[in-house]
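**Q** Residue numbers (the working numbering), protein chains in the order written: chain W, 139 to 574; chain R, 139 to 574; chain P, 139 to 574; chain H, 139 to 574.
Calculated from the structure, these hints are not laboratory results. Don't take each hint at face value.
No copy is singled out in the list; a pair is fine if it fits within one copy or between any two copies.
Under the rule of at most 25 Å between Cα atoms (straight-line distance), these lysine to any residue pairs were calculated in the SDA-like manner [said to hold, decoys possible]:
hint, residue 1, residue 2
1, Lys357, Tyr240
2, Lys204, Ala167
3, Lys288, Gly449
4, Lys192, Lys410
5, Lys192, Val223
6, Lys357, Ser284
7, Lys204, Arg445
8, Lys414, Tyr161
4 protein chains.
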Amino acid sequence: QGPLDEASGAQLQREATLATTNYEGFPYAQTMANFPPAVHDVFLFDELLSPEEKDIRYRTRAFMEKEIAPIIANYWERAAFPFEVVPNLAKLNLGGANLAGYGCPGQSVIGAAMAVVEIARVDASMSTFLMVHNSLCMLTLGLLGSEEQKRELLPDMAALKLIGAWGLTEPSNGSDAAALQTTARKVNGGWVLNGQKRWIGNATFADVIVIWARSSETKQVNAFVVRKGARGLRTSKIENKIALRVVQNADIFLDDCFVADSARLPGVTSFKDTNKVLAISRIMVAWQPVGIACGVFDMCKRYVDERVQFGAALGSFQLVQEKLARMLANVQAMFLMCWRLSKLYEEGKMTHELASTTKAWTTLRGREVVSLGRELLGGNGVVSDFLVAKAFGDMEAIYTYEGTYEVNVLVAGRGITGKAAFKAAPARKQPTSVQA
Amino acid sequence: QGPLDEASGAQLQREATLATTNYEGFPYAQTMANFPPAVHDVFLFDELLSPEEKDIRYRTRAFMEKEIAPIIANYWERAAFPFEVVPNLAKLNLGGANLAGYGCPGQSVIGAAMAVVEIARVDASMSTFLMVHNSLCMLTLGLLGSEEQKRELLPDMAALKLIGAWGLTEPSNGSDAAALQTTARKVNGGWVLNGQKRWIGNATFADVIVIWARSSETKQVNAFVVRKGARGLRTSKIENKIALRVVQNADIFLDDCFVADSARLPGVTSFKDTNKVLAISRIMVAWQPVGIACGVFDMCKRYVDERVQFGAALGSFQLVQEKLARMLANVQAMFLMCWRLSKLYEEGKMTHELASTTKAWTTLRGREVVSLGRELLGGNGVVSDFLVAKAFGDMEAIYTYEGTYEVNVLVAGRGITGKAAFKAAPARKQPTSVQA
Amino acid sequence: QGPLDEASGAQLQREATLATTNYEGFPYAQTMANFPPAVHDVFLFDELLSPEEKDIRYRTRAFMEKEIAPIIANYWERAAFPFEVVPNLAKLNLGGANLAGYGCPGQSVIGAAMAVVEIARVDASMSTFLMVHNSLCMLTLGLLGSEEQKRELLPDMAALKLIGAWGLTEPSNGSDAAALQTTARKVNGGWVLNGQKRWIGNATFADVIVIWARSSETKQVNAFVVRKGARGLRTSKIENKIALRVVQNADIFLDDCFVADSARLPGVTSFKDTNKVLAISRIMVAWQPVGIACGVFDMCKRYVDERVQFGAALGSFQLVQEKLARMLANVQAMFLMCWRLSKLYEEGKMTHELASTTKAWTTLRGREVVSLGRELLGGNGVVSDFLVAKAFGDMEAIYTYEGTYEVNVLVAGRGITGKAAFKAAPARKQPTSVQA
Amino acid sequence: QGPLDEASGAQLQREATLATTNYEGFPYAQTMANFPPAVHDVFLFDELLSPEEKDIRYRTRAFMEKEIAPIIANYWERAAFPFEVVPNLAKLNLGGANLAGYGCPGQSVIGAAMAVVEIARVDASMSTFLMVHNSLCMLTLGLLGSEEQKRELLPDMAALKLIGAWGLTEPSNGSDAAALQTTARKVNGGWVLNGQKRWIGNATFADVIVIWARSSETKQVNAFVVRKGARGLRTSKIENKIALRVVQNADIFLDDCFVADSARLPGVTSFKDTNKVLAISRIMVAWQPVGIACGVFDMCKRYVDERVQFGAALGSFQLVQEKLARMLANVQAMFLMCWRLSKLYEEGKMTHELASTTKAWTTLRGREVVSLGRELLGGNGVVSDFLVAKAFGDMEAIYTYEGTYEVNVLVAGRGITGKAAFKAAPARKQPTSVQA
Ligand SMILES: Cc1cc2nc3c(=O)[nH]c(=O)nc-3n(C[C@H](O)[C@H](O)[C@H](O)COP(=O)(O)OP(=O)(O)OC[C@H]3O[C@@H](n4cnc5c(N)ncnc54)[C@H](O)[C@@H]3O)c2cc1C
Ligand SMILES: Cc1cc2nc3c(=O)[nH]c(=O)nc-3n(C[C@H](O)[C@H](O)[C@H](O)COP(=O)(O)OP(=O)(O)OC[C@H]3O[C@@H](n4cnc5c(N)ncnc54)[C@H](O)[C@@H]3O)c2cc1C
Ligand SMILES: Cc1cc2nc3c(=O)[nH]c(=O)nc-3n(C[C@H](O)[C@H](O)[C@H](O)COP(=O)(O)OP(=O)(O)OC[C@H]3O[C@@H](n4cnc5c(N)ncnc54)[C@H](O)[C@@H]3O)c2cc1C
Ligand SMILES: Cc1cc2nc3c(=O)[nH]c(=O)nc-3n(C[C@H](O)[C@H](O)[C@H](O)COP(=O)(O)OP(=O)(O)OC[C@H]3O[C@@H](n4cnc5c(N)ncnc54)[C@H](O)[C@@H]3O)c2cc1C
């Protein structure tokens with residue numbers, strides 16, 4: 139059974155309708171319900187795409203503008219997930235992304251990225267939902283799972299009949315995930331998991347959760363498939379977020395949670411194996427700010443055309459034009475960075491350090507774009523109906539997950555200098571006085 | 139009857155309790171429910187305060203930490219106003235602020251500011267609630283109202299038995315408020331108001347709303363007291379905000395809304411009279427980011443002590459220390475700016491341009507502080523239980539209201555250059571080509 | 139006669155030698171005299187270049203590192219031009235750049251850009267020297283000159299036997315160049331030029347100066363070739379610069395300066411014709427910060443390896459690594475932006491607005507890079523022997539010429555909004571009060 | 139004999155005259171030679187000053203505007219020191235600053251600061267010259283010297299007949315000054331100094347140099363007075379600076395340099411004693427950006443009034459006004475920060491951490507101000523005749539000396555967190571992989 143069971147279609151339908159009605163309080167500029175046309179592609183990136191990549195881009199865009207844009211601000215406000223859109227989303231055939239076989243579409247990296255961009259352009263949460271499913275959970279199974287695991291799970295996951303989650307982070311171990319503390323004790327016929335996870339996207343309703351845990355035998359990190367409803371598994375939704383509110387993040391409590399031997403992913407023998415997955419997922423995360431920024435620019439462009447103050451459209455003012463120009467240039471540069479990173483990956487020349495460099499940088503610039511957009515909309519910039527407020531909040535999560543900005547620049551810095559700087563120096567070795 | 143009628147005490151109590159329980163998912167750092175100690179005052183501003191100002195500061199702080207901090211994240215999430223705290227808030231004797239007489243406390247500007255700072259330190263929305271009431275609505279009545287209006291309204295408002303709102307902004311006129319379009323048609327025994335207002339804080343439940351409208355007789359802007367429930371008055375809550383979610387902002391629809399002659403404020407004969415009020419309210423708004431930044435710094439300081447990663451408290455890392463140092467310096471500078479501005483006001487030497495310069499600047503620096511704080515908390519930085527996420531959203535509204543950043547720098551710039559730059563140049567006079 | 143006459147070889151030789159000797163005061167890190175290896179190309183841009191473009195890149199790099207790096211800090215300090223290097227520079231066959239025929243190499247836009255990048259990596263002034271010559275003066279002649287003018291001048295200019303300058307800016311007209319005031323009065327057999335130019339690069343010694351002036355007949359802007367030593371032409375070096383000190387900028391005084399009919403460029407009939415030249419030159423200027431940033435990154439990378447403080451190479455510190463990562467990402471993004479812009483140009487799809495968007499943005503990011511580099515070198519960051527100080531100054535000129543940052547974002551903004559915002563609104567039309 | 143011997147009055151006079159003549163190339167805005175009026179004090183700081191402090195401020199301002207402004211750009215260009223102005227500077231009675239007795243004026247901290255601000259407003263180098271003399275060299279003697287040393291040196295130094303320098307930094311030890319390596323070997327009747335110093339201001343001509351060196355007996359840091367011309371003392375000017383070019387910084391080579399027992403400062407027994415001096419000098423350094431920013435704002439205000447483009451004074455443009463407003467607010471905030479820090483010092487409540495916090499922050503904001511000013515002046519922003527270019531360069535040195543920005547925020551951060559973060563973690567203890 140997939141997530142759809144949880145949605146009560148009728149009520150959702152009604153709420154969705156509300157959101158598409160006219161915005162009574164402010165008739166001078168359109169909301170995101172009628173999504174603004176894509177005008178950001180001034181550098182003609184489309185021409186850098188293959189026909190297939192373009193196709194992914196355009197059909198995802200059409201779906202998002204038509205089916206998600208009118209309803210999503212309302213879900214975001216309620217921190218609710220729109221289960222009822224999943225069947226139509228599934229028809230886009232995006233499940234599985236880069237994976238080939240087992241019902242997966244085998245997209246190119248840039249093809250998969252186009253889906254991320256177009257989804258994030260309208261709603262970053264939805265892109266995170268799909269990325270957790272595709273580029274974390276399914277990819278881990280695809281790269282590191284057994285033949286049996288793949289056969290059992292991937293086809294239904296590709297069809298979004300089963301939804302995946304991916305549990306690495308723990309309350310005690312966020313940036314320092316390598317030192318994770320969840321344990322997997324070997325017992326007869328399987329493993330007993332104990333520990334706590336935090337922040338796990340989709341986990342409140344996911345059917346398949348990959349759990350990273352330390353083996354009692356090898357002391358190394360292993361990975362396990364935990365199915366929905368497993369005994370000893372409890373999830374609790376993280377409330378009160380200001381970012382990606384549509385994503386259902388959960389605290390996971392594993393209390394003597396038993397999984398069979400077949401649940402262990404044979405491809406994982408140490409923490410380093412996470413990197414095989416993160417290599418791709420970090421590229422995808424780097425693309426998210428691109429999509430967000432495209433949407434924000436498109437919205438702002440329309441808004442400054444429509445909104446008049448002091449007798450002129452906002453777009454007539456110097457201070458407004460400077461922001462628009464900076465936003466547009468950032469959008470182009472962000473796109474190019476991710477495009478080149480993806481190309482290098484496809485050519486086998488990407489390193490983790492480059493992915494970290496890029497991810498950190500696109501979130502930095504992305505933050506600038508949403509912040510400028512927030513300013514441009516004035517008061518309506520704090521109302522998620524006008525898209526930008528929502529994007530403004532969402533960007534913060536992306537700045538922080540898949541390695542915070544700081545952790546990623548330290549990975550990049552290690553690449554540049556050859557020196558790791560993650561640890562603090564022991565307190566006693568510090569100088570008692572310095573010049574300053 | 140005051141707002142308390144609307145609150146259903148029992149349920150609110152229950153919800154409040156929830157928020158104070160331990161934060162199960164993350165036991166490694168405390169939430170705002172147990173508010174962090176004030177450690178930000180390294181420049182000893184307390185010593186710049188009079189005993190009375192200090193007293194306001196400390197009793198407000200105590201109230202906020204004890205009664206608001208444990209419950210407010212939950213209200214913020216639900217975009218609800220905590221009516222049940224109003225009676226205790228009223229006991230602080232802050233209603234009326236700078237006004238003297240009519241039951242008002244006659245605080246010094248800095249005294250009133252200390253209340254704003256301490257409230258905003260825990261929750262910016264609550265400070266906006268009170269400022270709209272005190273420094274917009276009551277102040278307008280106190281400065282520009284008739285003796286009768288003052289006698290009728292101010293005492294109950296000082297006691298927070300009646301709550302005020304203040305309606306200037308319109309959907310068609312935000313930054314360009316001077317050109318507002320709501321009309322007041324003179325009729326027998328009174329005036330008929332028509333038009334639409336937007337963004338009016340407290341207006342969904344306010345007992346007293348000051349409405350700015352253009353007189354059919356003089357074509358000048360006048361002001362009117364509109365009471366709750368007046369015929370032709372409709373308010374509709376603005377939903378889906380990411381900032382000041384506890385503040386109930388409303389769209390107001392005035393549809394042949396009749397008010398008696400006695401409802402007109404005799405002190406107002408043109409738009410310029412708004413400045414008498416805004417002179418003080420803008421000072422207060424400039425102080426809000428100070429309070430927000432103090433709270434965020436205090437929270438971050440405790441968080442980086444408690445949170446350990448890579449074997450050390452976050453506070454041990456260089457990248458963390460740089461942020462803390464920048465935040466702390468900003469807090470000091472923001473405080474000093476507002477303190478000096480307030481002193482100049484008290485000495486009769488403040489200008490509108492200086493207030494605008496200061497307001498624009500404290501929101502700029504305040505934004506930097508909350509953004510740095512957001513980074514420091516990692517994932518928990520997007521959860522409002524940990525204060526910073528909430529502050530991060532709230533700051534955006536303050537950046538934008540009482541004159542956006544841009545409008546305020548243009549006011550400041552007019553002061554510096556003697557040239558107004560609010561208008562766009564007529565399109566046809568532009569050069570068809572420039573060097574660039 | 140070329141510029142070499144002005145150089146007194148012997149003395150220059152001696153001074154140059156001084157600069158290459160060891161840096162006595164600081165033996166812990168190498169100066170730019172021994173130029174650091176190119177390590178910035180982590181995104182493998184080389185693979186985006188054609189063999190010919192690569193060839194231009196590598197031979198220019200070799201020349202710059204070997205012949206210019208050891209001597210140029212000394213010239214920069216003295217604000218002197220190294221005439222004696224011109225013959226060897228000429229051998230690189232870069233004169234004429236994109237032009238084909240008349241002895242010119244007919245480089246691709248990206249090929250020409252590679253020369254700019256590699257020259258600017260070591261010294262931005264030298265790249266400006268060549269760009270003024272190639273992409274302003276020669277290009278104007280090539281695109282807008284008569285066959286006779288081309289035949290007479292281009293071959294010797296391609297061989298750097300004649301050096302060009304290009305005079306558009308006037309003291310009264312910088313950003314507003316379109317309103318230039320220099321006049322060309324038609325007389326028998328020619329034109330009499332009167333007026334003043336400012337900032338004209340190379341003009342103190344140039345053999346060929348293109349002068350833009352307003353025709354007394356058409357009131358339109360025309361262009362004229364003025365040769366060195368023409369009567370009525372006086373140039374005066376602009377002293378005391380902190381940027382591009384090696385470039386010899388001049389104030390030009392035209393005092394009844396007669397030029398023959400043949401000196402007028404037939405292709406120019408109005409100010410708009412400048413755009414034909416600026417379309418390309420602005421691309422080249424956008425590339426300059428790329429080259430500067432590459433050099434600064436390369437230098438910093440070596441410096442943080444060599445320099446030890448607190449018992450560790452600077453590269454070990456978090457605050458240092460964050461800067462390096464940001465610099466490196468910026469370098470990649472800047473390169474990609476210019477690369478894409480150039481490709482669009484080559485495909486006939488570039489607009490002025492895109493060139494302005496890009497130029498403004500690369501100078502913005504370039505400024506960030508040099509500023510970070512300045513910080514990284516501590517005290518040595520203010521000494522031009524260590525490259526970064528020089529680059530730090532130079533970037534400012536590029537931020538400002540070929541359209542300031544502001545003028546370029548207004549061009550970009552006009553492209554986005556369709557509204558020109560160059561002009562100020564008439565003073566009397568401004569509101570006397572606004573909300574703020 | 140003081141420095142005046144080195145100046146050849148006649149020639150200097152001639153050069154100075156040149157600089158005051160009209161600026162031929164640009165008649166549309168005045169240069170710094172005719173210094174702009176002080177318009178920056180919109181927060182009326184003057185009213186926070188005592189009569190004596192005001193007096194220092196105004197007579198220093200008058201001197202700087204009249205005697206230094208017309209000539210200093212020329213000295214800055216030539217990296218030369220204006221020895222001939224010293225006699226008149228001496229008449230201001232600023233020598234010795236905070237010290238009382240021994241002919242010193244015993245200024246309050248804020249009084250001394252006003253001299254720094256007013257000097258730096260016109261020329262930062264001159265303020266550094268005086269601060270090295272007053273707040274480093276004389277203060278060290280005054281606080282840590284013997285009665286005999288004070289009697290011998292302070293009166294002549296107060297009269298600027300003897301000029302001081304202060305040598306702490308070494309090529310191997312900049313930020314990590316506490317580990318300095320210069321040695322003082324005890325011999326009969328005195329000490330033999332060996333080692334190298336770098337960056338020592340005034341040292342090329344100073345009469346009195348305080349040298350910090352490690353005692354061969356105690357292994358602790360001691361301080362010694364080395365007089366001009368001492369055997370074994372060699373100084374070499376640091377050339378090619380882009381900042382504080384008027385300051386003569388030197389590399390000092392101590393090659394078996396003998397000083398008598400009486401040359402040792404008895405008050406110094408370990409490195410920590412530097413802090414007694416730096417406590418005050420860092421306050422003074424924090425004030426330097428204030429002065430610089432005041433001058434830059436004053437200049438920009440006049441410039442945007444005088445300079446016309448597109449038919450209007452630059453001050454009419456929105457993009458210009460935003461910069462002016464930001465600059466002005468920064469100036470006020472910087473002033474207030476230093477004022478409060480100084481007050482706390484005077485009340486015995488300042489800590490090193492607060493001085494570091496403030497110094498780091500005023501240089502950060504100061505950098506923003508000069509950068510904005512640089513932009514505002516367009517091309518003339520790179521010409522030091524117009525002040526801002528000079529200030530733009532100078533700010534960089536201040537950002538870096540007396541503890542770099544980074545070192546100061548780490549001191550501040552230690553104060554906030556209680557954890558020192560100066561050292562890098564040992565390489566081998568780092569994680570081999572992290573999440574990112
Ligand atoms: C919306 C959202 C969705 C997420 N989804 C998932 C998911 O599906 N699955 C999953 O496994 N995880 C998920 N995460 C978790 C995410 O990966 C972590 O939040 C992230 O790694 C940061 O960890 P943390 O929150 O514990 O912050 P911390 O590690 O506590 O970091 C706090 C701050 O300290 C800084 N810091 C930490 N270490 C250092 C250091 N050595 N030097 C300098 N600074 C340092 C950080 O940069 C940050 O600023 C999600 C997070 C969010 C917010
Ligand atoms: C949470 C909140 C509470 C509020 N409470 C109240 C209240 O209680 N009572 C009340 O009367 N009002 C209230 N306001 C309204 C507030 O004062 C307006 O939002 C504000 O003045 C901006 O108007 P606007 O939203 O229409 O933005 P706009 O005026 O449309 O501005 C949009 C953007 O254009 C820019 N812009 C506008 N004009 C120019 C120009 N000439 N040149 C350059 N840029 C320009 C702005 O800076 C902004 O970036 C509130 C607003 C918010 C968000
Ligand atoms: C090193 C150097 C080399 C140069 N070489 C050449 C050369 O070889 N040939 C040549 O012809 N020129 C050359 N120039 C001139 C250059 O193109 C001009 O400096 C530039 O166009 C700016 O003009 P300006 O200096 O007069 O500044 P202004 O036009 O006076 O601008 C001053 C400030 O006002 C701002 N401003 C101006 N107009 C507006 C507006 N409408 N709205 C908002 N802000 C505005 C600007 O952005 C800037 O910040 C050179 C300049 C430099 C510095
Ligand atoms: C114009 C000028 C005048 C001066 N005058 C004097 C004088 O009169 N007397 C005197 O004694 N000295 C003087 N100084 C020296 C000044 O104090 C030093 O330059 C300063 O302390 C920095 O040292 P450094 O240049 O060796 O840089 P470094 O210490 O090598 O620093 C280089 C970079 O590394 C960073 N860094 C260093 N350590 C760390 C760390 N642990 N963590 C993170 N980052 C780090 C720095 O912040 C900087 O960005 C002067 C300097 C200048 C530029």
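**Q** Against this structure, judge whether each hint is valid.
**A** Right, here's what the structure says about each hint:
no.	hint	result
1	Lys357 x Tyr240	neither (32 Å within a copy, 72 Å between copies)
2	Lys204 x Ala167	within (19 Å within a copy, 43 Å between copies)
3	Lys288 x Gly449	neither (62 Å within a copy, 37 Å between copies)
4	Lys192 x Lys410	neither (34 Å within a copy, 38 Å between copies)
5	Lys192 x Val223	within (23 Å within a copy, 51 Å between copies)
6	Lys357 x Ser284	within (21 Å within a copy, 65 Å between copies)
7	Lys204 x Arg445	within (24 Å within a copy, 44 Å between copies)
8	Lys414 x Tyr161	neither (46 Å within a copy, 34 Å between copies)
Checked against the numbered hints above, the structure breaks hints 1, 3, 4 and 8 and satisfies the rest.
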